[in-house]
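Participant: Spelled out from the first residue to the last, the chains are:
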Amino acid sequence: MSETALLESPGKPRGLAGDAWHDLRRSKIFWLAAVLIVVILLMAAWPSLFTSADPRDCVLSRQHDGPTGGAIFGYDFQGCDVYAKTVYGARYSIIVGVFATLIAGVIGLAFGLAAGFFGGWLDAVLSRFIDVMLGIPLLLGAIVLAKRLSADPASNGVFAVTVTLGLLGWTTAARVMRSSVIAAKNQDYVAAARMLGAGNGRLLFRHILPNSLASYIVVLTILLGINIASEATLSFLGIGLKGDAISWGIAISEATGYIRVAAGPLIWPSVFLAVTVLAFIMLGDAVRDAFDPKLR
Amino acid sequence: MFRYIVRRLLQMVLTFFGATFIVYALMFAVQDDPIQALVGEKPITDSQRAALTERYHLGDNFFAQYWYYIKGLLTGDFGTSMTNRKVADMLADAWPVTLRLSVMAIVIAATIAILAGVVSAIRRGSIFDNATLVVTLIVLAMPIVVIAPIAQLVFGIKLGWFPVTAGRDASLWQLLLPAAVLASLVVATELRVTRASVAENLRADYVRTARAKGLTGARVIGVHVLRNSLIPVITLIGVDLGALMSGAIVTEKVFNIPGVGFNLFRGIRTEDGPLVVGFVSVLVIVFLVVNLIVDLLYAALDPRIRYE
Amino acid sequence: MTDISVGLDPRAPLLHVDDLHVEFRTRDGVAKAVNGASFYLQPGETLAILGESGCGKSVTAQAVMGILDSPPGHVTGGQVLYRGVDLLKLAEKDRRQFRANRIAMIFQDALSALNPVYTVGFQLAELFRKHRGMSRSAAKLKAIELLDQVRIPAAKDRINDYPHQFSGGMRQRVMIAMALALDPEVLIADEPTTALDVTVQAQIMGLLAELQRQRNMGLLLITHDMGVVADVADRISVMYAGKIVEEAPVHDIYARPAHPYTKALLESIPRLDHKGRELNVIRGLPPSLTDIPKGCAFHPRCGYAREICRMDQEPPAYQIAAHRIARCHFIREVLGV
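Protein chains in written order, with the working numbering: chain V, 1155 to 1450; chain G, 464 to 771; chain C, 53 to 389.
Think of the hints as simulated: they come from the structure by calculation, not from any bench.
Among the hints, a few may not be true.
Stated by the list, open to error - DMTMM-like, lysine to aspartate or glutamate: derived pairs with alpha carbons at most 25 Å apart:
1. C:182 <-> C:197
2. C:346 <-> C:325
3. V:1396 <-> V:1408
4. V:1182 <-> C:146
5. G:621 <-> V:1285
6. V:1339 <-> V:1408
7. C:192 <-> C:213
8. C:182 <-> G:734
9. C:346 <-> C:70
10. C:145 <-> C:75
11. G:549 <-> G:592
12. V:1396 <-> V:1277
13. C:141 <-> C:161
14. V:1182 <-> G:592
15. G:534 <-> V:1285
16. C:145 <-> G:552
17. G:621 <-> V:1219
18. V:1396 <-> G:734
19. G:621 <-> G:592
20. C:208 <-> G:765
21. C:346 <-> C:304
22. C:192 <-> G:552
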C-alpha cells in the first residue's frame, strides 16, 4: 500500500472546497441537476411563466379529453387541464420540501453538534433518543402525526405536513453531524486550538463546524428529495395536502382510479415528481462525490 | 457475545418503550379533544364517545393511559376499530399476504442488489458499473406513489405481462409485480452499499493474501470478499423494512391486496383512528424485533463483535 | 490440474528477476514504480531488497507473486524466471499453481492480511483443501501441525480462534505458517517485522531464519530496516526509484558501500559509538514516481553528483567484484580508492 500513497499528483495545492468545486464543475450530473432545480424553482415561484391556463378552471364536460391546443397533456377526470395542474403542483412540493428540510436541518444540527461536541452523558442520552426515533419508520410516524396536526378541516395541510416531516426526518442528519463533529474534534488542529486557549464557542464555530458542513449539506440535499417524495406519499394516502391544495400526490391518487381510461393524468404528475426528487438526489450525489473522491 | 446480546436487548427494551410512547403521545397528547381527533371530521354519538373514553382510559392521566396501552400491546390486545372489529383479528386476517409480499420483495431486492453490486464493484468504471449507477439513481428517485401506479399501468395494463391486481389469496405469480415494486424501494440503496463494501474489501490486504495463496478468483471473491462485504448489507435489510412497510401501504392499495398496508390505508381514509394506532403500533414492534434479530445476525457474521 | 514441474530447469537459478518494469496507470498520470529491477535468488540463500518506502520493493514482490492490483498496476517489461520458466508468460490458471506451492509470501501487517471473519484454522486448512484436495478433517490436522511448527502454544485450541484474538507476534507466526504450508521453495517476506515490537521482531526473524535453514528455501526479504538485514541476509540489493542501484554480499556493503545512496543510508543509522555526533540524514525526498529525474535518479540528493549524473544516460551497472555491482559513475570516489 505504501507505494500507492505516492501516486497522488503533486499538483497545485487547493483547499478542500476549491478541490470539490473544481471536480463539481466537470460533473455532468451536477449541471443536469442544477438546471432541473432552477426550472423547478421557477415553476414553483412563477407558474404563470409556464402556462396561461388556470388549473382550477375545470369543466366536467372535458373529462379525460385528449391533448388540445393549450392543454398539451389533456384533461383529468374533473376536466382540469393536466399540464396546468402539474405545473402548479410544483409550488407546494417545493414549499413543503424546503421548509421541512430546514426544520429537520436545524434540529439535526442542534442534536448532532451537542452530542458530538460535548460527548459524555449528553451524547449517551441524545444518541439513545435518536435510536428511539429511528425505531419508528418515517411514514408510520408521519401518518399518526400528520393526522393529528391536520385535525382542522379548514386547513389545506401544508403546515401539518411540513411540521410532520420536519419533526420526524432529522435523525439521519443528526447522526451524520454527530460523527463528523467527533471526527473533526479528534483532529490534531482542533486539539492545538484548544491548547492555545480557544473557547468552546470559537472551537465549535471556527474550527469544527466549517469542516463538518460539507457532508451535512449533502445529507440535507438528499433529505429535501426524500421530503418531497414523502409529501406526495402522504397526500396520496389522504393525510397530506388536501382541500383545494394542488399537489402531485393528490393528482396521482385521483388518477389511479381511472388508469384504464386515461393514463395522462397519472403519468405527468408522476414524471414531474420523479424528476424533482431525482434532481435533488443527483445534486446530493454529485456534491458528495466531489467532497469524497475516495470511491472513484 | 453474551454481553453484546444483553446490551442489545436492553437497548431494545428502551427503544420499545420510547417508540411506543412517542406514537401514543403523537396520537393523544396535548389534544383538546382526542376523541374527535381519533374519528376525524365525522360526527360522533354520545355512546361512541363514552365507549372510546372507556376504551382508551381517557379519564385517567396520560401516563396511566400509556400504561394501559402498553399492557394491551404486550397482551395482544391492540384495540378495536371504529367498525367494531378487533384490530388483532384484522391483523390475523391481513398479515399472511403481506408477509408473502414483503418476503418476496426482500428476496428480489437482495438478489439483484448483491449480484449487480458485486459485479459493479469488480468492474469498477465499466459500462455495466456506470449503467448500474444511473439506474440506481433513477430508481432511488422514484417515490412509491410514482412507481406503483406506473408499474401497474405499464406492465399490468399496457403490456399485459403481469396480473393487474392481486386478491386476498393471491398466488406468488400475482404478487410478483407488486413485490418487484416494493423491492425497487430498497434495491438501489442495497446495491450501492454492496458495491461500496465489495470495492472497499477488494482493496483489503487479506484479499492480496488470498490471491497469494493461489486461490481462484471465484473463491477469493465468493468466500473471502463476500462474507466481509455482506455484513453491512445485512444490517441494511433491517432498516429497509421500515421503507417496505411504508411502501406496502401504497402498493397494497394500488394492487388491491387486502394485507396490512391495505387495511391501514383504509383506516386512514375512513378516519378510523383506533385502527391506525393499533396497526402502526404493531408495525413499529415488528420493525423493532426484526432489527433486533438483524443485529444478532450481525454479531453471528462478524466475529470481531461476537468476542467483544 | 496441469503438472507445474514440467518445463522447470533444475540448473537454472531458483528465482531470477530480469529487467522488470511495472507501471501504475492512474488518472493523474503514469507512475513508474519499478524500472528495470534485476536480481536472482538461490536455494537456502537470503537476499534482502532494501529501500525507502515508495522505492518499488513491495511492488516488485507483488509482481513476482503475480498479485499486483491490476488495474492500475501493469507489468510492462522484463521476466520473472522460476527455474528458467518465465512466470509472466504463463496463463493465470497455470501461474496460480506457483503461488503458495512454489513461491509464498508473508505480508507486513498480519492483522489486516488475515481475513477477519474466518478462523485461522479455516484459512490454513483452505490451502490443503484447495491445492491438495484434502478433506476438512485431514486439512485441520495439518493446520494444527503447522501452528505447532511455528511454535504457537496450544495450537489445537487456537485453531478455532479468529485473527483478532491473537497477539501481533502470534499473528505473524500464523502468517508464516500459512506461507510455509505447501513447502514453497521461495519465500517472499515483505517487511515481516515492521508492525511488531522490537523484542518480538527478533523472535520472528529467528524463527524465519531457522525454518529457512530447515527447508533450504530461498528467502527474499523486503525491508527498509538495515538492522534487520545485517543479521539474516546473505546478499543485499539496494533499490532506489524502482531500480537496483547496488548489489553486494552483506559484509561488503556494510564495510564499503559503493553507491552514494547506500552510503547515505548507512550513515543515517544511529550508532552508539557515534553518540554525541550529528546524525547524517539523506537530504531531500524520494522522487515522485510520476516524475523520476533524468540520468541517475538519485542525483538531486547526491553529494557526489556532477554534470554527467544529470545527463539522459543513466549510469550503467559497474561490476566491482564477483558478486558486486553498483550503478554510479563515481564508484571509486565512493569506495575511497
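Participant: For the pair supplied as a hint, residue 1182 (chain V) and residue 592 (chain G), confirm whether the alpha-carbon distance does not exceed 25 Å.
Facilitator: Holds, at roughly 17 Å.
Participant: Against the 25 Å threshold, does the CA-CA distance of residue 145 (chain C) and residue 75 (chain C) hold or violate the hint?
Facilitator: Holds, at about 23 Å.
Participant: Holds or violated: residue 1396 (chain V) and residue 1277 (chain V), Cα atoms, limit 25 Å.
Facilitator: Violated - the C-alpha atoms of residue 1277 (chain V) and residue 1396 (chain V) are around 40 Å apart, more than 25 Å.
Participant: Compare the distance between the alpha carbons of residue 621 (chain G) and residue 592 (chain G) with 25 Å, and conclude whether the hinted pair is satisfied.
Facilitator: Judged against 25 Å, a Cα distance of about 31 Å means the pair is violated.
Participant: Has the given pair, residue 145 (chain C) with residue 552 (chain G), been kept, meaning a C-alpha gap of at most 25 Å?
Facilitator: Since the Cα atoms of residue 145 (chain C) and residue 552 (chain G) sit roughly 62 Å apart, the hinted pair is violated (cutoff 25 Å).
Participant: Are the Cα positions of residue 549 (chain G) and residue 592 (chain G) separated by 25 Å at most?
Facilitator: Violated, because 50 Å separates the two Cα atoms, which is more than 25 Å.
Participant: CA of residue 346 (chain C) to CA of residue 304 (chain C), is that 25 Å or under?
Facilitator: 29 Å, violated
Participant: Check the hint pairing residue 346 (chain C) with residue 325 (chain C) against an upper bound of 25 Å on the C-alpha distance.
Facilitator: Outside the cut-off at roughly 38 Å; violated.
Participant: Take the C-alpha atoms of residue 621 (chain G) and residue 1285 (chain V), compute the straight-line distance between them, and say whether it is at most 25 Å.
Facilitator: Since the Cα atoms of residue 621 (chain G) and residue 1285 (chain V) sit roughly 44 Å apart, the hinted pair is violated (cutoff 25 Å).
Participant: Hey, residue 1396 (chain V) versus residue 734 (chain G), does the alpha-carbon distance stay inside 25 Å?
Facilitator: Holds: residue 1396 (chain V) and residue 734 (chain G) sit about 14 Å apart, inside 25 Å.
Participant: What's the verdict on residue 208 (chain C) and residue 765 (chain G), does the C-alpha distance respect the 25 Å limit or exceed it?
Facilitator: 23 Å, holds
Participant: Between the alpha carbons of residue 192 (chain C) and residue 552 (chain G), is the straight-line distance 25 Å or under?
Facilitator: 55 Å, violated
Consistency with the previously given hints fails for numbers 2, 4, 5, 6, 8, 11, 12, 13, 16, 19, 21, 22, ordered from lowest to highest.
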